[in-house]
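Undergrad: So the chains spell out like this:
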Amino acid sequence: MSRLSDHNVVLAKEIIARYPKQKSALIPLVHLSQEQNGYVTEDAMRHIAELVNVTPAEVLGTASFYEMFKFEPVGKYVVNVCTTLSCALLGAGELMHHAEEKLGVKAGGTTADGLITLEPAECQAACTEAPCLQVNYRHKYRVTPADFDAMIDDLRAGKLDGEIPPHGTLGTQRQHIPDDKGVGAVHPDDVTDGPAWIPAPAPEESN
Amino acid sequence: MSEETEAPDVDPTDDATPDGDTVVEAVEPEPEPDPNAVAVTLNGREVVAQKGDLVIAVAESNGATVPHFCYHPRMSSVGMCRQCLVEVDTGRGMQLQPSCMITVSPDMKIETESPTAKRAQEGMVELLLANHPLDCPVCDKGGECPLQDQAFAHGPGESRFVEEKRHYEKPIPISDLVLLDRERCILCDRCTRFADEVAGDKLIHFTQRGNNTQVMTFPDEPFASYFSGNTVQICPVGALTAEPYRFKARPWDLDQVESTCTTCSVGCRTVVQSSRDELLRYQGVDSDPVNHGWLCDRGRFNFEATNSDHRITDPMVRTDAGLIETRWSGAMSSAVGLINEALSTGGPDSIAILGGARGSNEDAFAWGQLADAIDVPYRDAQLGDGLPIEVLGQRRATIDEAANAATIVLIGPDLKEELPVLFLRLRDAAEKGRSKIVEFSAVETGMSRYAWKSIRHESGTQHDAVTAAVADADIAAQLASGPVVVVVGRPNLAESADATVAALQNVLNAVPAAKVLPALRRGNVVGALSLGMAPTSPDGDAIAALNAAADGKIGLLILVGSDPLNDCPDTELARRALAGARRIISVDTHPSESTHLADVVLAAAAYGEKSGTTTNLEGRVTTLAQKVTAAGTARPDWMIAVELGTSIGDRSFTGDHPLADVATVDDVTDAIAATAPLFPAVTREALAASVDGVMSAQPAAALPDVTVEVGGRNSYDYRLVVNRKLYDRAVGTAMSPSLAKLAPGAGAHVHPLDLDGIGVAAGSDVRLISAKATAVLPVIANNNVPRGVVWAPFNQSGAGSIEDIIDAAAATTDVRIERI
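Quick note, the sequences are listed as chains A and B, same order. Each residue of the first sequence is one higher than the one before, counting from 1 in our numbering. Each residue of the second sequence is one higher than the one before, counting from 1001 in our numbering.
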């Protein structure tokens, strides 16, 4: 049973109420379920489908689009090695190969102690610092195999605890918005003027 | 810009001509310029399109072929496949545009075959084939595959890709009927769009992203849609295949003929395809007024029943050794002997003919004529499961009128279960905002979630629910806002039709201009009722006939494709009736419980084995086509009736009787047009000339006065609601192995809180006790069933039988639930 907990159902209902359409709350709710279980479980997806009145297939279809949603348990540290062009040209392939040997798992796998998950990743927007990787979404630049070994040893020894958060799957966005901070939901059909932050167009001049 | 400056010049002259020049009366007036006309240049040719038309539709309707995969005229455009790239100039120079995503604009120039457009189209084919396996020789789609055809017509002929193609496990079943090959899939979004937009069963969806994008169901939640077969038909590659047709034939071996599906009374247009004299596939045909190209899975796959090994292939006669096969001459003389015997001993009043809705118009007409010749008082094409024939006498709506009405009032069964394609049409009307649906139902139906108001009422009180609803200000305003169509059928097989007739009358009293679309389910029930198989008086309907038989007053019961033991809501009455009838003649395609009791069984030709015409619930007459030879020596029903009619002594078809001298089914069609009061327009010439069929005329009749009695429940504290599901034990499904396994099975569905109250666990057997009888059934917890109601699917296999406790004579059936 890994449906949303009672506490999270209350939070889920608050999140749903923020949107004019229930379905819009789908992704925040998937985040919520991942925070709860460390990954997105099938039961949670079924539960979310019930909550926002869509089919489980739609939840899976939407959630599986996003790389940062995990559908299987991952390690405490998720190591994403960039494999896109700049990094590939500067040795990402060798780095990944080395990482697989060092950790004893194939890309996508998790070490037996449940500490580290190794994943290939697309561009991490640090092409000038290639090859790069991320540990729980914190960058490491110009990583050599020796750097990698040192980083893994440090992670295992707990030396990076201050620098790297202890999880790779939890959302960082605020799930609960205090009443005085919320703006409420306006149904799109009820919006008559443009959004408040765009000034209304000046009255048209006659041609 | 040029048009804006021209327009003021043109307008005054247009106005001046008729005003200033009054002499030119003989000259045809200039036609009003169509305000929606848009002139565009297509491949150098001026063509006129309508505002809002898609470029691809304009090109295709003007003879320019644009290759495409994802575009489907009955669904929204998504621009997924990019194959329909053409060059378009809207004043900024030629640019490549996907023609399914852009609408025409004035002075647009479109080039579908320019070198740039062709190069783009070839490039797209090359890209689509980068991952598509070239396994056409073993692919079911090979030979009729849009990708294969368009790669040939619009492809570069060779590929620059040398890389390994994408690999997936294949094929994987995504439902009991449909298999998915993800390697062949080109991600056109047709099946997923169909599931979302047309069927409303969003059980398949794109998952993952980029190179890993694939169509997938949720784990353990199969694509169990009643309409899943349509995705196979619209798949532009061989990615989706249907279990009943897989590896059965190559498309070039198939021979086909256009026909009409008679599984239910919607009358969807189909093509019937066969190879080596065996039915292999039905495909939907896009009939604009009826089915828009869609079929339900029951209609699509029940050809297996025609091919079944369990057919009655030869006539049978009861001897001391039981039913034995015999020659037609012997069987027919036995049948004639039984009719003459019944006439001489009990007179015409001792004969009953039930059925006719399964067959063609010709079948029903011939049997109706035979009933007239014998002067049979008991005849009915329904089996106590329909509505009085006067419902057909109201101002009848077409499906199009219903799907465009401002308000659709639904008093009847779950259309998704009984008339699935009508459900699609009305769902579309609600989803697109054309219509608002006001549904009256005792339980939640497939339509409830699309209804503007879904009004729950206690079964048997729908007339009161209607009265209360039309007094509601919102609903009254909605009913007054535009055309109203009432779709009316039998909402509950465990209640009498009276409350429904009264409810219809109450709607018509409130909205006298409303039209009525009868949602009677049986295939050709409207044709049969209109052509002589309707009871001649309320005392001559099926229930009256069965009661008379049970009382021993029926000497001969003739069943024309009907199986009262399974298909009449009150099976206990049917059982007494078949036991009480002295002799039974059964004309049928498959053995049933009822044929086992017959004295003479006449083998009937099944769907696909006979031609003729059929009438749908609108009164629309379309053609049926024979595609394969009838099983064994089976004959069409009409032929049997005509042969009996010419052999029954002084009441026979002789002289100027319309069926005195018929040799072919066409002669019977002509006889219908010549003599049937409602069918003078339905000539063979008219049918051949019209792709949409010919509308038969409609009788005018007042609804019968009914008094609805709903007694107190006494100690029976649950009201019984029994409905047909799409898949049940009817021969078409039971004899189709692919469909038979989809039937839900017998059970009593109760709200979980009621279950707690009774103190039984879901899944255990309970005793259901009505005032009449007791049945033992497994109980199923179902949140969609209101409290105080037992809902049960009709005619399902399983240990117990809910039909046993239905009382045909009662207004409603109430039951008590006891633990065992």
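What the hints contain is simulated information worked out from the structure, not anything from laboratory work. Treat the hints with caution; some may be incorrect.
FRET-style restraints, in silico, Cβ to Cβ [as the list claims (entries may be wrong)]: (1) B:Asp-1220 x A:Asp-190: 35 to 45 Å; (2) B:Phe-1247 x A:Glu-122: 33 to 43 Å; (3) A:Tyr-39 x B:Thr-1467: 14 to 24 Å; (4) B:Phe-1247 x A:Lys-13: 24 to 34 Å; (5) A:Tyr-137 x B:Ser-1114: 18 to 28 Å.
Below, a list of computed lysine to aspartate or glutamate pairs in the EDC-like style, where the Cα atoms sit at most 20 Å apart [claimed, not checked]: (6) B:Lys-1202 x A:Glu-119; (7) B:Lys-1109 x B:Glu-1126; (8) B:Lys-1202 x A:Glu-42; (9) A:Lys-23 x B:Asp-1196; (10) A:Lys-102 x A:Glu-119.
The beta-carbon is built from N, C-alpha and C at its ideal position, and this holds for glycine as well.
Undergrad: Next step is simple, just say for each hint if it's right about the structure.
TA: Hints, verified against the model:
About 40 Å separates the C-beta atoms of Asp-1220 of chain B and Asp-190 of chain A, a value consistent with the hinted range of 35 to 45 Å. Hint check: Phe-1247 of chain B to Glu-122 of chain A, Cβ distance near 40 Å, so the stated range 33 to 43 Å holds. Restraint check, Tyr-39 of chain A to Thr-1467 of chain B: a C-beta distance of roughly 55 Å breaks the suggested window 14 to 24 Å. In this structure the supplied range 24 to 34 Å is violated for Phe-1247 of chain B paired with Lys-13 of chain A, their Cβ-Cβ distance being about 50 Å.
At roughly 49 Å, the beta-carbon separation of Tyr-137 of chain A and Ser-1114 of chain B lies outside the given 18 to 28 Å, and the hint is violated. For the given pair, Lys-1202 of chain B sits about 31 Å from Glu-119 of chain A by alpha-carbon distance, which is inconsistent with the 20 Å threshold. Between Lys-1109 of chain B and Glu-1126 of chain B, the direct Cα distance comes to roughly 27 Å. Violation of the 20 Å bound is thereby established for this hinted pair. Only pairs whose Cα atoms come within 20 Å are accepted, and Lys-1202 of chain B paired with Glu-42 of chain A is accepted, the gap being roughly 17 Å.
Between the alpha carbons of Lys-23 of chain A and Asp-1196 of chain B the distance comes to roughly 15 Å, so the proposed pair stays at or under 20 Å and holds. Among the hinted pairs, Lys-102 of chain A with Glu-119 of chain A is consistent with the structure: their alpha-carbon atoms are about 14 Å apart, no more than 20 Å.
Comparing the model with each earlier hint shows violations of hints 3, 4, 5, 6 and 7; every other hint is respected.
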